[in-house]
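Quick mapping for you: the protein sequence lines, in order, are chains C and G.
Quick note: the first sequence, position 75, residue 75 per the numbering used here, numbers continuous.
Quick note: the second sequence, position 10, residue 10 per the numbering used here, numbers continuous.
Hints in this document: simulated from the structure, not taken from any laboratory.
Incorrect hints may appear among the rest.
What the hints assert, rightly or not - Label pairs and their calculated CB-CB ranges: (1) Q99/C with S125/G: 36 to 42 angstroms; (2) E57/C with P75/G: 47 to 53 angstroms; (3) S3/C with V102/G: 19 to 25 angstroms.
To be verified - These stretches of chain C come out as covered by chain G in the derived footprint (C-beta under 8 angstroms, 3 or more residues): (4) 9-15; (5) 36-48; (6) 63-72; (7) 76-90.
Quick caveat, the model's predicted, so the values are computed rather than measured.
Cβ coordinates follow ideal geometry from the N, Cα and C atoms, glycine included.
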Amino acid sequence: MPSLQDCLVLSALLFAVGLAGALARRNAIIVLIGIELMLNAANLNFLAFWRHGPHPEALTGVVFTLFSIGVAAAETAVGLALIIAVYRHTRSTDPEDWQRLKG
Amino acid sequence: MRAAFFILAVVTLIGAVGAIALRRLIHCALSAALAFAGLAGIYLMLGAEFVSFAQVLVYLGAVAVLIVFAILLTPPAAETRAQPFCKPCLLGLGVAVLVFGVVWSSVLASSVVWRPAATAVPASSAKLIGRALMTDAVLPLEVLGLLLTAALIGAVVLAWREKEGSD
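Pulled out of the complex, with its shape left as it was, chain G reads as follows (with noise of 0.2 angstroms):
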């Protein structure tokens, strides 16, 4: 079983890094949906199907299909730059390593970490997270219906192509 943790975690760190450290675009994107499948994968043996499910119809389906089409409508211009990363790369590394060693120290210090988990699965069926979003939940599945209907007139709005000369 850890072992099975511990293949799905090199794939998602694999496809991360590749995303943020190759060359051309198309393989990013790629890349960054193999990271967004092991991520399902992890989720599924957490016992939460509904929201492995949820992040492969998402974030495989719907983002990494998005990102795909940007870079199609954002052909990089004639006089390519050869330099991928920006001047100050190093400090940008830097403070993301740095980042990542005081999450690092404060798990590895913390006694939460220690404490032996419960080994029954709990129960948590589409019927049950349903039940708890028509409940406890409601105004924020509002609210967030809400946002999702303002976030797609607002990208087709802004992504609309004008005109020629209202410009």
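Chain C extracted, bound-state conformation (with noise of 0.2 angstroms):
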């Protein structure tokens, strides 16, 4: 079983290359994918705490984790619609070129 360190490693690693992806991308789609890499540092997080936590019998981590990825699951089909909907008036997928509603 990996440690707990190990877990917490790997997660700030994988978080940390999801939020460069989502900052410096200029595709949104790649930001999406950089989101959703953000949101399963996050569960392995959960799911971390839980195996090394006090009471593993109350299965809160995976109960929570289920629930998370059933979020990010209609985060993402949201997302990539509102995608597509952007695209077909401005021709790009590169935010930059949203700016539209700049102010």
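Grab the two chains, each in its own frame, and use the hints to assemble them into the complex.
This is the structure we're talking about:
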């Protein structure tokens, strides 16, 4: 079984990689992938703390992770639909081109 | 056992880095699927079999396919820019490295991570998870069902192709 520290370091690395993708890429789909990676890092933390916590029989970490996966699925579906809808208007998936609402 | 975890961790990280650093979008999507698969293996090692299968079903089966469909539906314009990263790219990378440094140092400084874990694998069968979902977590479960229904309808409405002229 992986130790808690290994899981936390891996999770921090995944989160940082996802954050870099969400901040630095010029494609909205890659930004969404970065957000998914960050959500997955949080899920890994939930499971690691559940497995190493004092009361693993309560199954809180597992149940919370299942809810997190469900919410992430809904978020991905709506996010990709939004990207496709905006793409129809601007013919671009670069968030820097989406400036019509800029004040 | 530790070696298996490190192999899975390296596979996951390679997939994650490839997902945000590769140039072709379709390679990014496949690389993200690799990262999701590696995470499913790590969940399995942590003793959460049901979550691991849910990860495979939802992320590999649904999210990766959705991303591929979105990539196919949004072909890049004719004059593709050569630069896939935005101007303040270094700033974004710096923020990410900074966040990782803060989290990493606090993980190393924490006393929680050194506590020995319970060696016995906790029982987390689908039966027990189902019972927990239907008793303690029944209200969040219903709310999640409502959310998924709303997201389904919302995604269809958003992605609906409008008739020419009604725009």
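Verification of the supplied hints:
no.	hint	in the structure
1	Q99/C with S125/G: 36 to 42 angstroms	violated (52 angstroms)
2	E57/C with P75/G: 47 to 53 angstroms	holds (51 angstroms)
3	S3/C with V102/G: 19 to 25 angstroms	holds (21 angstroms)
4	9-15	holds (count 6)
5	36-48	holds (count 7)
6	63-72	holds (count 8)
7	76-90	holds (count 11)
Consistency with the previously given hints fails for number 1 only.
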